[in-house]
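Visitor: Between the sequences and the hints, there should be enough to build the whole structure, so can you do that?
The residues making up each chain are set out below.
Number of protein chains: 2
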Amino acid sequence: MRLGLTETNQPRVVIIGGGFAGLAVARKLQRSEMQVLLLDRNNYHLFQPLLYQVATAGLEPDSIAFPLRKIFKRYRNLTFRMAEVTSVAPAENRVITDIGPIDYDYLVLATGSRTNFFGRSELADKVMTLKSIPEAMELRNLMLENLEHAVLVEDLKEREALMNFVVVGGGPTGVETAGALGELKRHILPRDYPDLDIRLLNVHLLEMEGRLLGGMSEEAGEESLAALKKLGVKVWLDTGLADYDGEIVKLTNGKTMAAQTVIWSAGVEGATLPGFADNLVAKGNRLSVDQFNRVSGFENVFALGDLAAMTSDDLPKGHPLLAPVAIQQGELLGENLVRLRAGKEMQPFNYRDKGALATIGRNRAVADLGRFHFKGIIAWLLWTFIHLMTLVGFRNRMVVFVNWLWNYFTYDRGVRLILKPFDRKIPRQKKENRKSPTSA
Amino acid sequence: MRLGLTETNQPRVVIIGGGFAGLAVARKLQRSEMQVLLLDRNNYHLFQPLLYQVATAGLEPDSIAFPLRKIFKRYRNLTFRMAEVTSVAPAENRVITDIGPIDYDYLVLATGSRTNFFGRSELADKVMTLKSIPEAMELRNLMLENLEHAVLVEDLKEREALMNFVVVGGGPTGVETAGALGELKRHILPRDYPDLDIRLLNVHLLEMEGRLLGGMSEEAGEESLAALKKLGVKVWLDTGLADYDGEIVKLTNGKTMAAQTVIWSAGVEGATLPGFADNLVAKGNRLSVDQFNRVSGFENVFALGDLAAMTSDDLPKGHPLLAPVAIQQGELLGENLVRLRAGKEMQPFNYRDKGALATIGRNRAVADLGRFHFKGIIAWLLWTFIHLMTLVGFRNRMVVFVNWLWNYFTYDRGVRLILKPFDRKIPRQKKENRKSPTSA
Chain A
1 MRLGLTETNQ PRVVIIGGGF AGLAVARKLQ RSEMQVLLLD RNNYHLFQPL
51 LYQVATAGLE PDSIAFPLRK IFKRYRNLTF RMAEVTSVAP AENRVITDIG
101 PIDYDYLVLA TGSRTNFFGR SELADKVMTL KSIPEAMELR NLMLENLEHA
151 VLVEDLKERE ALMNFVVVGG GPTGVETAGA LGELKRHILP RDYPDLDIRL
201 LNVHLLEMEG RLLGGMSEEA GEESLAALKK LGVKVWLDTG LADYDGEIVK
251 LTNGKTMAAQ TVIWSAGVEG ATLPGFADNL VAKGNRLSVD QFNRVSGFEN
301 VFALGDLAAM TSDDLPKGHP LLAPVAIQQG ELLGENLVRL RAGKEMQPFN
351 YRDKGALATI GRNRAVADLG RFHFKGIIAW LLWTFIHLMT LVGFRNRMVV
401 FVNWLWNYFT YDRGVRLILK PFDRKIPRQK KENRKSPTSA
Chain B
1 MRLGLTETNQ PRVVIIGGGF AGLAVARKLQ RSEMQVLLLD RNNYHLFQPL
51 LYQVATAGLE PDSIAFPLRK IFKRYRNLTF RMAEVTSVAP AENRVITDIG
101 PIDYDYLVLA TGSRTNFFGR SELADKVMTL KSIPEAMELR NLMLENLEHA
151 VLVEDLKERE ALMNFVVVGG GPTGVETAGA LGELKRHILP RDYPDLDIRL
201 LNVHLLEMEG RLLGGMSEEA GEESLAALKK LGVKVWLDTG LADYDGEIVK
251 LTNGKTMAAQ TVIWSAGVEG ATLPGFADNL VAKGNRLSVD QFNRVSGFEN
301 VFALGDLAAM TSDDLPKGHP LLAPVAIQQG ELLGENLVRL RAGKEMQPFN
351 YRDKGALATI GRNRAVADLG RFHFKGIIAW LLWTFIHLMT LVGFRNRMVV
401 FVNWLWNYFT YDRGVRLILK PFDRKIPRQK KENRKSPTSA
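These protein sequence lines map, in sequence, to chains A and B.
What the first sequence shows, in this note's numbering, is residues 1 to 440, in sequence order.
What the second sequence shows, in this note's numbering, is residues 1 to 440, in sequence order.
Bear in mind the hints are in silico, worked out from the structure with no lab data behind them.
Keep in mind the model is a prediction, meaning the values are calculated, not measured.
No residue lacks a Cβ here, since even glycine has one placed at the ideal position from N, Cα and C.
Be aware that one or more of the hints could be misleading.
Unchecked claim - Heads up, incomplete: computed chain A residues facing chain B, CB under 10 Å, no partners named:
| # | residue |
| --- | --- |
| 1 | 2 |
| 2 | 57 |
| 3 | 72 |
| 4 | 76 |
| 5 | 148 |
| 6 | 152 |
| 7 | 398 |
| 8 | 413 |
| 9 | 415 |
| 10 | 416 |
| 11 | 422 |
Guide: Printed below as a string of structure tokens:
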């Protein structure tokens, strides 16, 4: 296996991850005198904030993904390789991947975050998670298959279990998912399933803390709670998931309920790669970085966004896991690498807080913008506009816009399809010779 | 397991398949005094004529599928069940399904067609086929993964094999697929893969006969050949696939070529169900029917569209396997069932030939309409208009239209994504009690 890069004396920047942070670095480096290699396990950039709409049949998966090669086609100094990075050997300035080892001069870790089960890995094959397109499509399939199945079962208890949707975690993902499920229950499912008593369909949202949207203002928490209740979502505050065996949900308050669909949105952790000492890994599995996003103890290794714990006395937990942080850190790092090459000093990171938004069904959202707080239709329009504008690619924006207009005026969701994976997989060529040197 | 139908004295019509034919019957029966039960293994209607555009990254899968329950929500006498029919017991007026046995008064077989390997079933796990959305998505994945892999391989021969696309069969599907691949090669891939020598990418189209589009006019065949050649597609007439072991394609003319992607569009056959005597199965695995689409020897079993062999002296092969035939037969059967219940005579089927169309890349298509023949941009606009109008659902039409406009003006294909299936499947509840009686 060869890496196929052109030989050059320019320093090589390896970026792991084509999310918000990785793309921002690449964009800032596109006119630099550096060779940039971006690795991602997928061939697309994923717009994660709208994943829950794919899972709840509001958007097609393809409209929130954008081919990375298309973004990079005007970047002359950038090479893209679809690869899975298995570990980092920072002492040797090398990353180990499924297409071979790759040497770097500068390493940018922009791997984002992954689902955190808080040590309860036995839940992993029982609950649904929402961090990727395959997961969102599987949740859509599972939910719709359970309803098709509910039509057929004789036993009322069994039918209730198929129609019980439990969302664990009252952060933005949990709140938005529960809201979208509440809308499905109210507007779509009664018409689609005249043969089901939709009153049996229940959406539960569990939150360990005493309020929703802990990262946002008090008002946002209260308003999202009121909006969810209006949609018929049963919100359980101060209540977590004690146990789930695939059939029965046990709550921390001792109650139990039967549910075939449990969605775990209780938390994420940094998607660290093996190769860094334990003392570099801070709370939430994030890598400790300095003000320049440099991983502690290294001159040429950087971590960004969700993966980076840039803590200070004012900010003991580091920055929130939000797209604006990732984008701003990525842009600054790109500029700093250029400064570094020019012998100039790097600039420290200062987060320009763009606020936070969450939506709960049609016409309802909450927004914290600096000291200002918005709710209702104004916040919802703001949410809609910002998400449309942040989507990569005009085609995606148009398709999402058409879908949203459609959903809005018809109270419909067009894509409630059960798309099963292909069951007769054509074997791929093996990735051989993984050990061959790939420095050029 | 229960079927969950309301008890009624009305006769029960069971329709197997929610394609063009099945939908047409259901539509004509919606105000009849009959209980209609439609079964499909998927929960959506698939617009098959555009599957090749999903496979070649021109359209998202969700835009050519439409939820069946949404179509039926205004049909008061119709019940939909997602079920796989395993066999028919016509002597007992019963179909056997994975949700239990189901009794009928009238049975409508509208299962369409499936890929025909002409007895060479060993090809099934080596070639790609194009009859369903999962297959189209798998082809898109395979093609894009092979290109990502081609970037990395050292060996030139191996790289050529990864960049060789062989389409088998020069009917409409084969011609349209080869044309779309030719366009990808010309407009998209050189910009996406600056690290590949796109001259190594070859699209081959194999056709056993001496001409393309055998079902259309001579002119259509010649023009499609010229259009494909202009796009750089290598067309092999009088040449078939002799053998393929997953690596080397052997042609019937003795030549060989290495190819990792072989697309089988050489033919289809009726998707018959077990339960009918061999003498009822005509050429192409279609069920012999009379002028009323009644399966020979039965009063209350009907077969439609691709599945039906309605032969006569003028028409020894039966009607062509086209959507208009399926729709017209379905509509007539719906009307005939109403006539039958009213004690009136059924009307025989007369095909109103709507002509045939095929498209070969941008601005190029061929159309046979009665004695008239169109080509070039007029035929292409006609093709575009007819396909848009035949798509079910305004949302789908809008999304397809946006995509086509985008693809047309930008020479782009927005959805070249490798969407892998979810690898950690949540177990579904078993479908139990399959033997329980389900007459009501």
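Visitor: Are the hints correct? Go through all of them and say.
Guide: Hint-by-hint comparison with the structure:
Checking residue 2/A against chain B by beta carbon gives a least distance of about 5 Å; that is within 10 Å, so the hint holds. Given hint, residue 57/A at the interface with chain B, holds; its Cβ is 9 Å from that chain's nearest Cβ, closer than 10 Å. Look at residue 72/A: its Cβ gets to within about 9 Å of chain B, closer than 10 Å, so that hint holds up. Below 10 Å, beta-carbon pairs count as interface contacts, and residue 76/A has one with chain B at about 9 Å; its hint therefore holds.
Given the 10 Å rule on beta carbons, the hint for residue 148/A holds: about 5 Å separates it from the nearest Cβ of chain B. Checking residue 152/A against chain B by beta carbon gives a least distance of about 5 Å; that is within 10 Å, so the hint holds. For residue 398/A, the suggested interface contact is upheld, since its CB lies about 5 Å from the closest CB of chain B, less than 10 Å. The closest approach between the C-beta of residue 413/A and any C-beta of chain B is roughly 9 Å, which is under the 10 Å cut-off, so the hint is satisfied.
Here the hint on residue 415/A is kept, as its CB sits about 5 Å from the closest CB of chain B, short of 10 Å. Contact between residue 416/A and chain B, as hinted, is supported at the beta carbon level, the nearest pair being about 5 Å apart and thus within 10 Å. Annotation: interface hint on residue 422/A holds; nearest CB of chain B at approximately 4 Å, less than 10 Å.
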